[in-house]
Each structure stands twice: as structure tokens, then as C-alpha cells.
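Chains as they are written, first to last, in our numbering: chain C, 144 to 605; chain Z, 144 to 605.
Errors might be hidden in some of the hints.
Said to hold, decoys possible - Derived DSSO-like pairs (lysine-lysine); straight-line CA-CA distance at most 27 Å:
id : chain 1 : residue 1 : chain 2 : residue 2
1  : C       : 502       : Z       : 452
2  : C       : 426       : Z       : 502
3  : C       : 314       : C       : 502
4  : C       : 412       : Z       : 234
5  : C       : 524       : C       : 476
Everything labelled a hint here was simulated from the structure, so no lab data went into it.
There are 2 protein chains.
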Amino acid sequence: MKDNIPKSGFITDRNLILGLDLYQLTMGAAYYQYNLENSIEEKDDIAVFEYFVRRFPKNRNYLIFAGLEQLIFYLQKARFSEEIITYLRNKEIFQKIDSSFFDDYLPNFKFKIDVFSIKEGTFFFPNEPIIRVQGPIFHAQLVETFLLNVINFQIIIASKASRIKNISQNKTLLEFGTRRAHSPLAGIYAARASYIAGFDGTSNVIADFELGIRSVGTMAHSYVQKFEQEIESFKTYYDIYKENTVLLIDTYNIEKAAKKISIIGKDIKAVRIDSGDLINNSKKVRQILDKNGNNDILIVASSDLNEYKIKEILDNNAPIDAFGIGTELVTSKDDPTLSGVYKLIEYNKIPKIKISEEKIIIPGQKQVYRTYNNGMFIKDKISLKDEIPPENSTPLLIPIMKKGKLLYKIPKLSEVRDYCISNIEKLPKKYKKLNKIKFKEVEISDTLRLLLNSLIKEKKNE
Amino acid sequence: MKDNIPKSGFITDRNLILGLDLYQLTMGAAYYQYNLENSIEEKDDIAVFEYFVRRFPKNRNYLIFAGLEQLIFYLQKARFSEEIITYLRNKEIFQKIDSSFFDDYLPNFKFKIDVFSIKEGTFFFPNEPIIRVQGPIFHAQLVETFLLNVINFQIIIASKASRIKNISQNKTLLEFGTRRAHSPLAGIYAARASYIAGFDGTSNVIADFELGIRSVGTMAHSYVQKFEQEIESFKTYYDIYKENTVLLIDTYNIEKAAKKISIIGKDIKAVRIDSGDLINNSKKVRQILDKNGNNDILIVASSDLNEYKIKEILDNNAPIDAFGIGTELVTSKDDPTLSGVYKLIEYNKIPKIKISEEKIIIPGQKQVYRTYNNGMFIKDKISLKDEIPPENSTPLLIPIMKKGKLLYKIPKLSEVRDYCISNIEKLPKKYKKLNKIKFKEVEISDTLRLLLNSLIKEKKNE
């Protein structure tokens, strides 16, 4: 595994300052103008936002945090270039904003915020603050869109991948979904997030090149089709790739193809089945291979796999050694969205709420304290950050950035994966069921509850 | 609307040659090695692939083609840089490939393919060939992953957006989904695809900056929360944005907030409701606004909207003027994947098939002929490209590139949108129902059927 410093920079060298919703800029310009007219300095205009997930996606019993590294790179690289500033200055909506905003403020803008976050690869639950951002409100507000975009997606994929990992009995898991991911960048993020959750490789070559995730590949049906005889396609491929050869055997007739394998070579790595009844087909193929003395040749299966189908396959003792999982994983097909939100919870030291129907915010700067017993997870408690922590508990939110400066040593991606796997081992079995369970392992502190209720009362009477 | 030539290049200036599955490269290297050893020139190694969709996503009755422009840019820009070639050369799997592959072939590689495609914004159906790519097999094969990625996603979003447009009775439709899109790039693609299908604007600023789609924005709850009194937040915003002001009125109490509006200014553009019962809340708010003489102030609604909820809202005569649609649109939440595939259908003039269970390919170079009557769509016929077309029919596939050279004049994005809207007007009402209908408006020519059956017979007996 290579170091995780990106080399080609598809993922990280972009200046994505404009990857946001226009209202971040209209609000930001309004804050600027307000401060200018009221002689308020940025240091007296401090907001605190928290990111949390409102509710579980379908059937999920825990979530896995991922995407922090991309957020950090964004915060370090985002700038308003001259070209961007010219574009904004000419927008009709900004005509009433003082020209110093475009002449001085935007050209010198860098994110000067404090960031707290839980570590990538940590399991967590809805309503828990996962990221906390503090700084001048212009800065802290501007982060919202990119943070939500990049964190929501990687969490949903890591969490889906973890479900697959849980039921896969140490089989090799390969992410094959780029063609169905929502954009090339989504393909790379999906490879990253599923690797964190314990996948072993990806088909995506940028994920290998830039992130050091081992890329793997077999062959497409087109390779087999191109040659007049199937056996010719097998031979030419094996001539080159020898012990790395994986042959696709379902283009015409799986059993006939399996029988051809022993003619090709005993050290072929694997055959792949990509259609039909994977349970019966894998059993038939295994039998043919074994009968011909090809006991060491592995079977890779793919074809719209998900955690339910893999469970069924394994429950039926199908002799499959590796699964290639694409579409259902990289889109989190059964529930492709995460209700992650980024909300103002304090302004100039005053706790803030909102009480829109079904969309309440818990006010104040918070911390999550996690308690274990004999190395196994017991419960979390959400408290105000300065409350006395529960006995023997560990705080999940740790400092990442201070005034825009990185305090945190970004771990290698392979370290994040190792951490995630060991973290999930601490999660009791009931959380790993594929269907929804009922539990109540997240408490809210009494102080927090009192604060919330008093603010609701105040705001309802306003 | 600006010209659609990108300015900052987030979308198009990337060299995405590695945005593919590893097997494209292992197959490609194998083709190279095979040709070298057998003295075959690229001009005698010509493959033809077609892109088609296997089946409809849930409840869809037609699809809209989008993403061609991104595919064209990719084909024009993709190169193997020195850094990339070094990386590939060092990969263990490629050790047996002749060094001329890395020394000469890859450094000089440019896509030299012919491309045929239907026009962006055109409706189409499963099994119809939508893109045809012809060229040396190394070139034509390599295209697969990127093509599938970028085309699958934009089709699914354009098709979802079109459903929303169909039931929205000329209300203003705004794409607000970047925060829930699967990566920043997915956010931009989603803005593009929904604009093509008839949306009026987007919250995504890169989509405005680079593609010229009008960006729009209101305010977040954080803006209201920041100020001690809600009214203060409204005043400060209106002071700056005047007739462009859109105020968010559901942070605390919608009715109380609506009553404050008339104090602020009569020329406020709109108020936004983002939670709760949108039907009843909009009616109450409209009443309050009208009573205070604010008849011209519009109501914008958002909050997990989709085509079903909007239909219900409009069926109940809710006085909403504009809808902000995010999550459900940009993930195509009810069905986030498209079964679009890219398959070898001819090699050196010999038609090719595959007969994997439930995953059959129709062989040969094809064309889709569309027939209208009185300007309304009647049916499509899939034929071999050189068959005599049905009377009064129009071929859908047109030439885009010849040996890598662009033949096609890429239309402005606003022109694609106009074309799409007029194209959808030709589609009979039954296709626009929200639930699944049964129809059979796609025929396959007899010649094609005969060819398919004879090849199946041949391959089954092999």
C-alpha cells in the first residue's frame, strides 16, 4: 500500500470554492455588508455550526464516518480567484455590496476556522454531532454545501459497504461500480469509502493511482466476443497475464467454458461468473474445475450483488471466493441519500435553535462521550462540551484545525481502514443485523435537554 | 444565458484517462500484445460498440438522453501523461507487455474513433442503441467506463427531472440538490441534466459559472438564527437585496413570520417554506400576505419534494409559485441507477452477440427510426443501419466524431433545453403518467431478429 498523498490530484488539487449553493454567497455578502455598516470586526462575529445526521437510511443500525480528508483538502485549497471574483462582482444580485468586498475581502479570503471532528472509520448514530466548525460566520457558513456533499456521500457508501462486509465471512470484496456511480468523482469517493469499511480492492484506476487502493480487474464480455472462438480469447489472455489471469466464463455457456479452463493453465487465478443463478452456477463450475484438478482456481461472482443476495449465496454454501459489487454499493441503491445537515448551534456564545416542524436543532456546542465495557460498545451520551463526562467514557470529537491551520495528522488510508475494522469489532452483533432493530444507545444529557426546552419556549413566544 | 463554453473548467479541463476500470487497460494491453505478435495493424482490428439501456428505472415510461457534451470533451482531452505511463509501466500485472506499449503507443495515444449518437434532450426507450462507437478495439474498448458513468447518470437525472416538469403546470422549478448529490461533480451534472429537461435554475454556482445555468438562492435558517430577532434578519437582508429578496419564514413560527413581511417591504420577491405541511402552510401564508396587500410576493416551497408530492400539492390548489427540489431529484431517489451498458456488437465486420442469462446483446450496427403522425410520436423501429428505413421515419443516430475529429456542432445548453422541451411535447400523454404503463412502441426489424436467432443457435452449439 502506497502512501495516501495524492499524485495526480484529480481529487484534491481543485479549487472548489464555487462548489456551493448561491445562498452561501448572498448570506456571506450580507454578513459582510452588515458588519461594515455596523463596524463589527470578524473576531466579534463568531458562529459555531455542527454537522449531524437526522435519521438512519433504510434498515441501517449504525453509520460509518468518512470523507474528512477531502473536507480538509477543500478547506486548505479553496480561494476566490480573480476570474471568480470578476464573475461575482458582475452578478446583478451583488450590486449593493460594498466594492471592498470584491477588492480586498474575497482576494484575501482563506478559511480561518476551527474544526473538530470524529475520526474517519468511526461508527456513529443519528443526532450525534460529528463535525463542529467555529469561526467568523462568513467562513463557517461558506463551508456548508461542500461539507454536506462530500461527507454525506462517503458516509452513506462506507455504511453500506460495512453491511456487506459484516455478512461476507472474510470473502474478498471488490468494488466494481464506477460505471454506475453518479459522476467520475463519485466513483473515486465510492472506492475510497468502501475501502475504509473493509473492502479489499476496486476496479477504479484513479483510486489506485491517487489513493493507493489496490485496483483489480478481470475481462469484459467484449474480450471474449472479439475472438472467433471463446478458447482463443482465454489463451491469448493467459499468455500475457499467467497467474494473474481471471477469465470470464458466462459469455455463451458457463459449463462448456469451465471445461475449457483446464486446457489453458493450472495456475489461472480465477474465473468470473457475471449472470444467471450464481448459487447453482458456482456449484456446477466448482465441480467441473475440481474434477479437472483445478482446485486452486478461485471463483469470482458479480451481477447486481448486494448484502441480501450475498447472504443468500453464502447461506446456500455457494463456493464463491470473491464478490465484485458495483451498482448497489456505489449508489447505496436501497437508500441513496443521507439526511446529514449542518446547522448553526451558537452565535457569539449564545446557543441557537430552530423549531421548524420535524426539523429541530439541539442548541449549544456539544460533545459525544462513548462508553465501552470489556472492549465492547455500551452507549453514547451527547452533552454540552463543557459538562462533566460520564465515567470511563471517551470523547469522539477531536481537534482537526485551528484558525485554518491543520492540527491533525491525516492518517494513511490503510490505517483508516484498519481502524474502521477494529472499531466495528467493538460493535455488538445486534447492530450488524441487516434489518432494522430497536435500540436506545444514545442519551442526551439533562443539561442539554433543559437548554433546548427553555429555548423552544422562548422562541415560540416571540 | 451565456454561451456554454466552460470558463473555469472544473467539468471539462480534466484529463480523465484513468477514470476507468482496470480491465479496460488489461484488455487493451492484451490486444496490443496480440497484434504485435501477429503483425496486425490497428486498421485491421476494428470494433463497434453500442450503448443502450436494458430496462426502465422504476415507473419511468421514457428516458431523456443527456451527457454527450461531457463525453465529447473527455474523448478530446484524455491522454496518457508521462506520470501515468510510469505508474502503469511499474504495475506488476503489465510486466509481460512489450515495452513499445509504454515507450511509443501510450505516449502518442489519442482517441481515433467514429461516434454516432442521438441528440441530447431526445426521448428514447430501452434496447435502442443510443451511442455507437467504432474504431480500433483498444480505443473503442477504453471508452466504456467513462461513457457509462457520465451518460448513465445524466440520463437518469434528466429523465427524473422531466417527470417533475410534466406535472408541474408551468410552475418555476429550481434544482437545490448539491448537498445531497454524490460528489461535487454529481451536483454540477445534476444541475445540467435537470436544466436540459426544463428546470429554470439551480443553486449550484459552478453550474452558473461554467455552464451558464442561472443560479438562484434564498437564505438558510442560520441567517435567521444568527440575529436575536427574526425581524432583524429579514430587515438586514432586504436592505441589501431589495426586490431580489427571498425570506425564509419557517425557522420559528410561519404565521408570525408571514405577518412580519409587510413591515419589511412590498417589493420583496418571495418567501420560502421549507418544512411541515406545505399545502396548509402555503394557504395560510398566502392569506396573510394578501390580507396585508402583499399579493405580488411569491411563495417558494422546498423540503424533500418529488413528482408525487408536487402533484398532491397542485391537486390541492396550494398557492405555491416555485418549487426547490433537491435530494429526490439529484439522486433519482426512487431508482438511483440506470442499466445502461456498452457492448461489442461487431468486430471486423462480423456481428457479435453474447447470450448470458437475461443479458443478451442484439448484434450488428443498428439505427433507430422514429415515426411521427401529425407531429406526435407513433413508434420507433430498431433496424440494422443499412436496412431500408420505414416510410416517413427519421433516423435518431447522427454522426458526432470521425476518427476522433468532431463533426458535430455542440449546441448551447439553452438550445438543448429548448429542443428537449419541444421534443417532449411530441410525446403522447400516456407516456407522461407517473405510474408504469404498458406499451410496445419499439419494434425490432425482421432482419435483425433473424440475425440474432442464427447467432444464438451458432454460439449455443459451439
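Hint check against the structure, violated hint numbers in rising order: 3, 5
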